[in-house]
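**Q** Protein chains in written order, with my numbering: chain W, 578 to 1186; chain L, 578 to 1186.
Everything labelled a hint here was simulated from the structure, so no lab data went into it.
Do not rely on the hints blindly, as some may be mistaken.
Copies of the same chain look alike in the list, so a pair counts if it works inside one copy or between any two.
As the list claims (entries may be wrong) - Under the rule of at most 30 angstroms between Cα atoms (straight-line distance), these lysine-lysine pairs were calculated in the DSBU-like manner:
#  : residue 1 : residue 2
1  : Lys720    : Lys880
2  : Lys812    : Lys720
3  : Lys974    : Lys950
4  : Lys1123   : Lys652
5  : Lys950    : Lys652
6  : Lys720    : Lys950
7  : Lys812    : Lys653
8  : Lys773    : Lys720
9  : Lys1123   : Lys974
10 : Lys974    : Lys812
11 : Lys653    : Lys880
12 : Lys880    : Lys1099
13 : Lys1099   : Lys1086
14 : Lys652    : Lys720
15 : Lys1099   : Lys1123
16 : Lys974    : Lys652
17 : Lys653    : Lys773
In case you want the letters, here they are:
2 protein chains.
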Amino acid sequence: MFEAHFQTFEDPESGVALSARLSAFREELTRHKLTGFVVPRADQQQNEYVAPSEERLAWLTGFTGSAGLAIVLTKKAAIFVDGRYTLQARQQVDGKAWAVESLVEPPPETWLSAHLSAGDRLGFDPWLHTTAAAERLAAACAKAGAELIAVESNPVDAVWSERPAAPLGPVAIQGRQFSGEIEAEKLQRIQGEIAKLAVDALVLSDSHAVAWTFNIRGADVAHTPLPLSYALVPKDGRPTIFIDHRKLSNATRDHLEHTADVEGPAALEPRLTALARRGAAIALDNATAADALSRLIQTGGGKPVRGSDPVSLLKAVKNETEIEGTRTAHRRDAVALARFLAFVDREAPSGSLTEIDAVEALESFRRDTGALKDVSFPTISGTGPNGAIVHYRVSRKSNRRIARGDLLLIDSGAQYQDGTTDVTRTIAVGEPTAEMRDRFSRVLRGHIAIARAVFPDGTTGAQLDTLARQFLWQAGLDFEHGTGHGVGSYLSVHEGPARISKLGTTPLKRGMILSNEPGYYKTDGFGIRIENLELVVGAEIAGAEKPMNGFETLTLAPIDRRLIDVALLSEAELDWLNAYHARVRTEIGAQLDEATRAWLDQATAALTR
Amino acid sequence: MFEAHFQTFEDPESGVALSARLSAFREELTRHKLTGFVVPRADQQQNEYVAPSEERLAWLTGFTGSAGLAIVLTKKAAIFVDGRYTLQARQQVDGKAWAVESLVEPPPETWLSAHLSAGDRLGFDPWLHTTAAAERLAAACAKAGAELIAVESNPVDAVWSERPAAPLGPVAIQGRQFSGEIEAEKLQRIQGEIAKLAVDALVLSDSHAVAWTFNIRGADVAHTPLPLSYALVPKDGRPTIFIDHRKLSNATRDHLEHTADVEGPAALEPRLTALARRGAAIALDNATAADALSRLIQTGGGKPVRGSDPVSLLKAVKNETEIEGTRTAHRRDAVALARFLAFVDREAPSGSLTEIDAVEALESFRRDTGALKDVSFPTISGTGPNGAIVHYRVSRKSNRRIARGDLLLIDSGAQYQDGTTDVTRTIAVGEPTAEMRDRFSRVLRGHIAIARAVFPDGTTGAQLDTLARQFLWQAGLDFEHGTGHGVGSYLSVHEGPARISKLGTTPLKRGMILSNEPGYYKTDGFGIRIENLELVVGAEIAGAEKPMNGFETLTLAPIDRRLIDVALLSEAELDWLNAYHARVRTEIGAQLDEATRAWLDQATAALTR
């Protein structure tokens, strides 16, 4: 009936031929006089989604998760994953060849210190690690009396015979009607930041930063319109963009050349080296710049200055055009969501739908808007116990029928040219239990506490995070993820630097967009998450003694009334919910077909005690 | 009628003779070929209260605040203070000789970079700065092409002709009935922490740590029973305490020698040097260790390992004996508080009391307990606009009569041998305004939110801080200090490492004692603060999925009912207040004289809507 164009449900290849790959790789290491090597799941820019040509970890180990690291030594090999991937890694890798170890606590460095011997030579590809990560590896080697060796070319690539080519997604212009600010103005602001840093130049090592600065979008990786590229911005004068010429049409080249010189990717190294030879201080982004960049600058005689890329903060604060675009995108998305939620309510109780059916239907309704560029990440569609797996991704094998008495947790998003969406709803199919209603109501109260929060200028996401958890804590419950992340404007659905989490130390500024997504997960039982995107706006309060901020909710979709225990909500919380539902009706009601409109009316009817 | 023994109300000396001191100091610098010098308000251990012999900043500049720094250059001199002391510094220092500058944002280093010239030689006393502070100074000098010089002896001391002698307060044993754990057991735990740090020895550069470890108390500084001293704890074997022999009786020496070698203060340097010569790695506390210690170790060939003193965390978690002691201390303190609050209610409305009268009365009631060792800090007693000055300290000159229609904010604490107290109450004299009641009720709601908080193991004070502010934020208001600090057990009333503040990154552990003191300050109007001490305890919650914690309130004193707008409180908040007041009655009612008991009954009567 429906189909998904932007995500697949195939199970990844199993261990076939992988042991041959590991032996070939070990031989390659020997040829290079290395006794070990580190293979991260990373590309040159630490992107969340990487091109197939960068999937070295999956090729070597069989593990296809989105975070991980392998270390191959002469006799031992281990793959390091975080808690959400432990099970998957055990299923995907050959247990005889690979040990599955912890990625976070303890980190791989602990394992390294225990397994390296004095005199060992551990190789790593400095293009695939940040400098901080490389320093941690070096420290672990030093502890064991071993040496960390930066290789010139990656030994995985030498043995990966059918390695895909690097992507060549065409670059498109993100016009002023979407971006709201021309490149020259953005450059002026960036050069203002470079002046504050007192450096000679800034490397944009993050393609998101290049895309934002030069108002372009690309098609090199899944779900994020990234044009894989670098840029070098001098403290004054014209910047240079480093990008494969084959991705550029004449029009996009003309667009870029208004403000920048355009060079091929290979030109980055000699340009940096030339700058370094003049003793330049060059700012590099902590989070995305490859250690290789730092080494290039240092070797050339320049001074790498590591810090937070100032573009990250500039990009996070959306301008009026972007804000208007995202509001439009959310109204459009809301129509698809209403159709989807009505569809599930109609079809699921008879047992006719699976998790995959839900994904396909939702994407189809979004495509029906005529504006869908991509989903902003693979939809999480989990029912029953699958809902309790926070980063669940349904496959043909795991696919579960949605049954009466179950909850369906569906977390999805869209890429439209005017904005990126991300929304989670939890739907009761049949009669929910009292426990489900209690938990849902606590999650909802936390969600509302964030949505209604008022806070002074300078407040960080870390300061708000607890508001989302307090009602779960009162019952001895919690959720093991942050409350919210930044969201881009037709860019990454996970965007820094601000977030609502105990680690969110960036002050929230007006114009930032963040998710608000508390949850609750009962292992082997059910999962609950309620997610809206929120825009940081000024809060007008009579008698306020300082500038205050609050949130404007962007997402417009009913929150399942059947899961709410009204007795648990305060008067103010109930008022918020009813006002939110009334707003959903007002903003999208007129755009719905009659049946969906009827469904929406009952799904958003005011709740009373 | 009453009098204060433990604090004075005299205004500090004004600028007499101070210009002569500055010229003499500059000549001394010239003799040492220095073009400048840094004079912090600090002793060797970064103590909050310093001995008169360490008051170099006050001697040189006239400024008597508890935080500040002076920098004297050949032609310019500046004193750096934070926002709370700007006014006081302008009044106290000679404006012709000294510029008053910012201590925090921007820091003195910004001023230094601007005012130092290439070739300047800026001196500093490495015993009075932490290594981190010294590094900041060095970086500022390097930026200006100047040199930072660590001096052998402090040039202030050379010209300070009547410098007081170092204190020789007698040392007393804090017996097991108060400490709850003998020294040998504490040492075993400390050596366990040293093993985790993988170092050869730990320097206890914080006298609080020495006092806790060896179960002693002293009398060297005001308000905190500190025995100024150092200790060196090797990874195994006997530690050494460095302390002036004249402070020890035979009994205290015997006590110490059970577990440690006792040496004079002068023995510290050669002992550290000897260890360093053997290449030892020696752990130093970031927050209190003088840069001189780090230099000694480095010069000797050892390895200083800077970090957080592990004793700080061990000391913060109180054992059952300390907890029982603090409960007893708080009940005792509560009797004095009830007498005091009844006294203010009786006397203040007639206009017969001043701020100083309040301080003297409260201290007298505390002395009447027969157990008062000291006040734990100079009482803050501020009425009307003085209440809005967060760190107000009343003097004869500032002393204000408590008038009808004013609020009296009184923040005070006691040192008893079984526990340290700290409590703030805000009292309405006559009829409070609607604004006062609104603000007080918002502060109270924040206070109750902390008192009632339930949170999982591992939660930090930073995660709780916002709970105290949320109701003020809703009205566009806030308070510009943290919500709470750790409190010692017959030690410092300000104790690390945990605190309830956006900077509080230490997880709260069961047995920690923290203050809960939200406030609101209307400049030139009034001040409000409600402070109780809270003990972190386990929270028993049916069905909890993880270990949860909460607070047990230790402080027992009525919260002024006349300032509460019941309509603003939720049902749960009102229940908390009434239950708290009932508990105050139950726990101390029987120990009060009849008049105070009658007062307490009405002051704690249940409030209803």
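**Q** Confirm or reject each hint.
**A** Hints, verified against the model:
{"no.": "1", "hint": "Lys720 <-> Lys880", "verdict": "both (27 angstroms within a copy, 15 angstroms between copies)"}
{"no.": "2", "hint": "Lys812 <-> Lys720", "verdict": "between (40 angstroms within a copy, 20 angstroms between copies)"}
{"no.": "3", "hint": "Lys974 <-> Lys950", "verdict": "within (28 angstroms within a copy, 72 angstroms between copies)"}
{"no.": "4", "hint": "Lys1123 <-> Lys652", "verdict": "neither (63 angstroms within a copy, 40 angstroms between copies)"}
{"no.": "5", "hint": "Lys950 <-> Lys652", "verdict": "neither (47 angstroms within a copy, 67 angstroms between copies)"}
{"no.": "6", "hint": "Lys720 <-> Lys950", "verdict": "neither (49 angstroms within a copy, 51 angstroms between copies)"}
{"no.": "7", "hint": "Lys812 <-> Lys653", "verdict": "neither (48 angstroms within a copy, 34 angstroms between copies)"}
{"no.": "8", "hint": "Lys773 <-> Lys720", "verdict": "between (38 angstroms within a copy, 15 angstroms between copies)"}
{"no.": "9", "hint": "Lys1123 <-> Lys974", "verdict": "neither (55 angstroms within a copy, 32 angstroms between copies)"}
{"no.": "10", "hint": "Lys974 <-> Lys812", "verdict": "neither (54 angstroms within a copy, 56 angstroms between copies)"}
{"no.": "11", "hint": "Lys653 <-> Lys880", "verdict": "neither (38 angstroms within a copy, 34 angstroms between copies)"}
{"no.": "12", "hint": "Lys880 <-> Lys1099", "verdict": "neither (51 angstroms within a copy, 49 angstroms between copies)"}
{"no.": "13", "hint": "Lys1099 <-> Lys1086", "verdict": "between (35 angstroms within a copy, 26 angstroms between copies)"}
{"no.": "14", "hint": "Lys652 <-> Lys720", "verdict": "within (20 angstroms within a copy, 51 angstroms between copies)"}
{"no.": "15", "hint": "Lys1099 <-> Lys1123", "verdict": "between (42 angstroms within a copy, 13 angstroms between copies)"}
{"no.": "16", "hint": "Lys974 <-> Lys652", "verdict": "neither (34 angstroms within a copy, 80 angstroms between copies)"}
{"no.": "17", "hint": "Lys653 <-> Lys773", "verdict": "between (48 angstroms within a copy, 27 angstroms between copies)"}
Violation of the numbered hints given earlier is confined to hints 4, 5, 6, 7, 9, 10, 11, 12 and 16; the remaining hints are satisfied by the structure.
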